[in-house]
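Taken in order, these protein sequences are the chains called A and B.
Each residue of the first sequence is one higher than the last, beginning at 169 in the working numbering.
Each residue of the second sequence is one higher than the last, beginning at 169 in the working numbering.
FYI, nobody ran anything at the bench for these hints, they're computed from the structure.
All values derive from a computational prediction rather than experimental measurement.
Please note that a few of the clues may not be correct.
No copy labels: a pair is met if it fits in one copy or bridges any two.
Dumping the calculated EDC-like pairs for lysine to aspartate or glutamate here, alpha-carbon to alpha-carbon at most 20 Å [as the list claims (entries may be wrong)]:
| no. | residue 1 | residue 2 |
| --- | --- | --- |
| 1 | 396 | 330 |
| 2 | 301 | 220 |
| 3 | 405 | 225 |
| 4 | 236 | 350 |
| 5 | 211 | 479 |
| 6 | 301 | 216 |
| 7 | 332 | 292 |
| 8 | 301 | 195 |
| 9 | 405 | 465 |
| 10 | 332 | 289 |
| 11 | 396 | 289 |
| 12 | 301 | 197 |
| 13 | 326 | 197 |
There are 2 protein chains.
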Amino acid sequence: MNVNWNYPTTIRAGEGRVSEIAQICRERDMSAPLLVTDPGLAKLPMTENILEAARADGLRIGLFSDVKPNPTGANVAAGIAVFREGGHDGVIALGGGSGLDAGKAVAVAANQSCSLWDLEDVGDNWLNADPEKIVPIIAIPTTAGTGSEVGRVSVIVKEDEERKVLIFHPLMMPGCVILDPELTVGLPAVLTAATGMDALSHNLEAYCSPMYHPLAEGVSIEGIRLIKEHLPTAVAKGSDIEARRQMLVASTMGATAFQRGLGGMHALAHPLGAVYDAHHGTLNAVLMPYVLVANREVISERIARLARYLELPPTFDGFLDWVLELRNEVGIPNNLSALGIGEDRLGEIGEMAVADPSAGTNPIVHDAAAYSQIATRAVRGTL
Amino acid sequence: MNVNWNYPTTIRAGEGRVSEIAQICRERDMSAPLLVTDPGLAKLPMTENILEAARADGLRIGLFSDVKPNPTGANVAAGIAVFREGGHDGVIALGGGSGLDAGKAVAVAANQSCSLWDLEDVGDNWLNADPEKIVPIIAIPTTAGTGSEVGRVSVIVKEDEERKVLIFHPLMMPGCVILDPELTVGLPAVLTAATGMDALSHNLEAYCSPMYHPLAEGVSIEGIRLIKEHLPTAVAKGSDIEARRQMLVASTMGATAFQRGLGGMHALAHPLGAVYDAHHGTLNAVLMPYVLVANREVISERIARLARYLELPPTFDGFLDWVLELRNEVGIPNNLSALGIGEDRLGEIGEMAVADPSAGTNPIVHDAAAYSQIATRAVRGTL
Chain A
169 MNVNWNYPTT
179 IRAGEGRVSE
189 IAQICRERDM
199 SAPLLVTDPG
209 LAKLPMTENI
219 LEAARADGLR
229 IGLFSDVKPN
239 PTGANVAAGI
249 AVFREGGHDG
259 VIALGGGSGL
269 DAGKAVAVAA
279 NQSCSLWDLE
289 DVGDNWLNAD
299 PEKIVPIIAI
309 PTTAGTGSEV
319 GRVSVIVKED
329 EERKVLIFHP
339 LMMPGCVILD
349 PELTVGLPAV
359 LTAATGMDAL
369 SHNLEAYCSP
379 MYHPLAEGVS
389 IEGIRLIKEH
399 LPTAVAKGSD
409 IEARRQMLVA
419 STMGATAFQR
429 GLGGMHALAH
439 PLGAVYDAHH
449 GTLNAVLMPY
459 VLVANREVIS
469 ERIARLARYL
479 ELPPTFDGFL
489 DWVLELRNEV
499 GIPNNLSALG
509 IGEDRLGEIG
519 EMAVADPSAG
529 TNPIVHDAAA
539 YSQIATRAVR
549 GTL
Chain B
169 MNVNWNYPTT
179 IRAGEGRVSE
189 IAQICRERDM
199 SAPLLVTDPG
209 LAKLPMTENI
219 LEAARADGLR
229 IGLFSDVKPN
239 PTGANVAAGI
249 AVFREGGHDG
259 VIALGGGSGL
269 DAGKAVAVAA
279 NQSCSLWDLE
289 DVGDNWLNAD
299 PEKIVPIIAI
309 PTTAGTGSEV
319 GRVSVIVKED
329 EERKVLIFHP
339 LMMPGCVILD
349 PELTVGLPAV
359 LTAATGMDAL
369 SHNLEAYCSP
379 MYHPLAEGVS
389 IEGIRLIKEH
399 LPTAVAKGSD
409 IEARRQMLVA
419 STMGATAFQR
429 GLGGMHALAH
439 PLGAVYDAHH
449 GTLNAVLMPY
459 VLVANREVIS
469 ERIARLARYL
479 ELPPTFDGFL
489 DWVLELRNEV
499 GIPNNLSALG
509 IGEDRLGEIG
519 EMAVADPSAG
529 TNPIVHDAAA
539 YSQIATRAVR
549 GTL
């Protein structure tokens, strides 16, 4: 089922469409793209196929894959060096979050006179970049969760400060996205579940955000419905191409929707991920019901409306029960202690959660003590 | 409530934001924009305010308003002449459908060596235009219905063939849209109703389209909810700025959603409008229940889902009853004969409906006889 969409950017969705890569490069005046991905993906046939197809078409394509699971400033710097030495004129970002974020960061920073960190998402920093020098980006997700293929941000670890930095520029939105579900069928069930729950958290926190953005709200509602219908199948039967396709689209929808902002799940998952090195999607999945309950007072009516659309009992509890069932069905633990997280640093985590940008669009302004309390409940498994 | 959105294009929404026009022109390197609108709007203070604000800011702004309710090729040609003589470098398209469509057509065609008609939306005709020569467009809707501010098409009457021609180019999507509800408060109730029902038809036909486009599907669902909540108020109390704002956004959502395609309402409204010169939105509103019933067999489940979201009885009939009530509440007649349309040319209308591009995404492929039958029921008022 091949379809082309025009927002939030140009999207080509359908089985096998990665084969159009050479044609897309030519349409975008790229003759020497640099393929940026992670070392695991670099070894897979799908990557070799892309390289071969591009070469067969006469493109001078390069490969850079020295990218950590949480891409670092050093990774981006090394990618930029390869980009410049190879005389490349565009980036093909392939992967889960790491390959996509690293590729986007290389594309925005490779030809700038300012440093990558000068583009940290603070104030109007993005104006430090010369937009004319940002090279075209084609993004190809291989997981259904991050949605980075339609995001204008890369998350890069700044090593000397031991923190994750958001690099932002409007032109980091890839000019073309290929949503080819065949690239995701090999993903193990445990990662399908964790990334799929990440996509759910994006859609759900966007839906609960107080920002006025009805387009994004609509996108999030339908994204959640797709996940409800298809995530269990994608986890149970990874070769089901229909479920894989719907999840890939739902993931893109999550990131499209969260231009409304995120909330408490991400505000807590970010510091917990940094401190405990736990999987981002799994953290969001574990935290989801605890944050929902903490926000219950102001989101009940809104969640009831969503529950009606999902054919659940049209109440907050009807929706909450579904989240708990889904989480269980796809094999996500019920508490953070199952991820090796204890209670000793939760005061600090609460402080970091309040400072996280995602806290700004949580439907309730929780203080650090409240976030510590949510995390404590999540560690203990007491809703 | 001022918000900025990034898809399907750059949108600035909020009361009073038309005052940002000069700043937006500068950001887009426009120093001599041509304001294109219709003669009625040209006389209103809102237009004079825009011109004055631009002049005060040092912009060399021009005005062209010789635009008919259904803009003609001659209108566009005259606008292009003014554009060229004035040495303009961009277009501000202000209005309902006519001002917006005329402005967009001037912007795409003014500097081309091909003619406007060479860009008719057939095959790859849009490749006839040199994209570098299309000037920037800022769109400012003054009605909540057409959604042309986020469309990539203008409908222009080709006089010698007595038909409406769709002019298409991807770059006819305005680069910036201002959704300022204060510009719509003066719209009379009868036009608020007709245009609002047009916005409903866009969202509803997009929702029922068989095209795979979940983002658009989500947008349409929420667009319909906004119309359900706010159209009655916008009609009954035109000064209600909240209702006006929500309707303006719902209208933008309708056109964003109908990248999925439209359906039988528009397939019939187009020829009926051409033959009987009736208002497009009113036609869609009258036709709505008849087309829904004709599609009932394949859309029942989908409509029931929508009805649930809208807190209606979750059945096709629950939704249909709401459409009939809403139509009545906002003063739309129940049948086409109330618009002066008889049965004598409905055979011909059926043939034209089948040939209309909107018929291609109706959930059922109706033949000409079936469309004639739908129109006959709509004339007689027998559902």
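Run through the hints listed earlier and report the numbers of any the structure violates, in increasing order. Numbers 1, 2, 3, 4, 5, 6, 9, 11 and 13 - these are the hints that the structure violates, sorted from lowest upward.
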